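Please construct the entire structure, taking both the sequences and the accompanying hints into account.
Chains as they are written, first to last, in my numbering: chain A, 80 to 197; chain B, 386 to 492.
Don't read these hints as lab results, they were simulated from the structure.
You may find that some hints are simply not true.
Listed below are the simulated BS3-like cross-link pairs for lysine-lysine, each with C-alpha atoms no more than 30 Å apart in a straight line [unchecked claim]:
(1) Lys-492/B to Lys-98/A
(2) Lys-424/B to Lys-142/A
(3) Lys-142/A to Lys-427/B
(4) Lys-92/A to Lys-427/B
(5) Lys-424/B to Lys-91/A
(6) Lys-424/B to Lys-492/B
(7) Lys-91/A to Lys-142/A
(8) Lys-492/B to Lys-427/B
(9) Lys-488/B to Lys-424/B
(10) Lys-492/B to Lys-142/A
(11) Lys-91/A to Lys-492/B
(12) Lys-92/A to Lys-142/A
(13) Lys-427/B to Lys-488/B
(14) Lys-492/B to Lys-92/A
(15) Lys-142/A to Lys-98/A
For clarity, every value in this text was computed on a predicted model and none was experimentally measured.
Chain by chain, the residues run as shown.
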Amino acid sequence: QVQLVQSGAEVKKPGASVKVSCEASGYTFIAFHIHWVRQAPGHGLEWMGQIHPNSGVTNYAQKFQGRITMTRDTSNTTVYMELNSLNSDDSAIYYCVRSFRVTYGDYWGQGTPVAVSS
Amino acid sequence: DIQMTQSPSSVSASVGDTITITCRASQGIAGRLGWYQQKAGKVPNLLIFGASRLQSGVPSRFSGSGSGTDFTLTINSLQPEDFATYYCQQADSFPFTFGQGTKLEIK
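Okay, structure coming up:
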């Protein structure tokens with residue numbers, strides 16, 4: 080069965096970076112886009128960007144341009160999302176999402192809580 | 386960026402009721418819209434894609450309609466497990482923005 084397993088919770092100081100991993104299994108890794116979506120406490124869903132695991136091509140929301148990097152390792156079917164220059168507004172749960180038809184998220188990782196605090 | 390505006394922000398209803406949630410896009414997105422359900426403390430779940438196509442495994446009491454800028458999600462005969470927050474997401478152009486969510490509460 081399709082599974083996306085994310086790395087564990089992180090606590091970071093302002094200005095630091097965080098790198099979250101998402102290991103995919105149960106399907107052909109290179110055939111589906113992976114998106115990253117975050118959700119701040121008590122808030123809605125925010126789309127951050129996507130990567131195609133086959134080509135490595137990425138698209139990022141303008142809001143995160145310059146401080147986000149999505150990469151993939153096809154040998155271990157894992158996607159990574161790194162966010163730099165963290166501030167308290169980046170405290171959120173970060174989800175990786177497999178999509179079909181490019182955009183529609185049919186399988187979600189369990190979420191990785193990231194807390195940014197001095 | 387395309388702005389997605391949902392209404393209402395919250396709604397109270399009873400088991401057995403029918404409710405409709407609206408999602409409006411700031412520009413035309415044809416039928417490129419998805420609806421998600423998120424229960425408290427849980428991961429979102431895709432209900433509808435392509436504005437009106439029911440995702441596999443989703444009960445038929447959920448339905449979606451619309452095209453262009455105006456879309457609706459209808460839930461017929463509400464069940465206890467339907468009380469959750471619902472989000473629309475446009476799938477037309479980057480960034481794939483979400484609506485702010487509609488919280489469905491038990492009356």
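Which numbered hints does this structure break?
1, 10, 11, 14
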